[in-house]
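For the record, the sequence lines run as chains A and E. Using our numbering, the final residue of the first sequence is 166, and nothing's skipped along the way. Using our numbering, the final residue of the second sequence is 1166, and nothing's skipped along the way.
None of these hints come from the bench; they were simulated from the model. Quick caveat, the model's predicted, so the values are computed rather than measured. Accuracy of the hints is not assured; some may be wrong.
With a cut-off of at most 25 Å between alpha-carbon atoms, the simulated BS3-like pairs for lysine-lysine come out as follows [said to hold, decoys possible]: (1) A:Lys85 <-> E:Lys1085; (2) E:Lys1123 <-> A:Lys85; (3) A:Lys25 <-> E:Lys1123; (4) A:Lys15 <-> A:Lys25; (5) E:Lys1058 <-> A:Lys85.
Listed below, chain by chain, are the residues.
There are 2 protein chains.
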Amino acid sequence: MNAIFNRRSIRKYTKQVISEETIEKLLRAGMAAPSAANEQPWHFIVIKDKEILSAIPKFHPYAQMLREADCAIVVCGDLVLETNKNFWTQDCSAATENILIEATDLGLGSVWIGVHPDQDRVKPLHALLGLPQTVIPLCIISLGYPTEIKAPVDRFNPSRIHRDRW
Amino acid sequence: MNAIFNRRSIRKYTKQVISEETIEKLLRAGMAAPSAANEQPWHFIVIKDKEILSAIPKFHPYAQMLREADCAIVVCGDLVLETNKNFWTQDCSAATENILIEATDLGLGSVWIGVHPDQDRVKPLHALLGLPQTVIPLCIISLGYPTEIKAPVDRFNPSRIHRDRW
């Protein structure tokens, strides 16, 4: 599965616009993720507004690339939709990874920008997007067509593999 | 990316053995995942031992399929390896999702069996596998060649998509 291995964090983008059709493919990939008891506790905020994109780096130290990104998707968990308590971050992480892989497969560059549980990031993002109390932003996915191709990195580390027990 | 959309939870398996080459492909996919500041805080316990596989359903209510599975991979986070505190569950969830997608692509059936943060599952699994204090099992991936093909499910839900803000 090439896209799994070719995915890299891409922070520099061209000015090419991402089509609505492509954004829908990304969201479909996110929603195809597994979730605890199939609860699907997610919401996706698709940000194209340049003012909102540029506001995020003012409080998030690792979000500077959003000033150049064509689009961002904020993946959120909804505590009301969560039937198996305390599994929403795993569900939403699986959805995020699906979006990153699909983005790679579609020729897009992307970065997973961590938000939850760092409250210095959660609170201002929550306010900026006008989220309901029960909806928590897990992360931001920065998206754009890449200006450069990064070669795949081999992270395989046999010392992290154990057989039958530790 | 077909494997993202074709992935289903598969709980019934043939007796076909999963080769070491295939297991290495799954682990390579897991380790290709993104992680906070590229910390890669994961360990993978590959369980082939039938006694250990059969011991897990004695304390985990949703792990009965492990009695028939050829193999399981327990994805663990290592708090010592975690440089960005409290992001390890997201990193290990991304690694888990990569393994599930790669498994689908290789013709395997799989299930994500939730463990952390349910302490009634974490503690007995931790003891069974002899894990160090700082290593926490996030989930178990059950693996085997499927006895049936489940059709893809369309989980696309436009009501979960928001534009620019809530």
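These are the hints, each one checked on the structure:
{"no.": "1", "hint": "A:Lys85 <-> E:Lys1085", "verdict": "holds (21 Å)"}
{"no.": "2", "hint": "E:Lys1123 <-> A:Lys85", "verdict": "holds (18 Å)"}
{"no.": "3", "hint": "A:Lys25 <-> E:Lys1123", "verdict": "violated (40 Å)"}
{"no.": "4", "hint": "A:Lys15 <-> A:Lys25", "verdict": "holds (20 Å)"}
{"no.": "5", "hint": "E:Lys1058 <-> A:Lys85", "verdict": "holds (22 Å)"}
Hint check: a violation occurs at hint 3 only; the rest are consistent with the structure.
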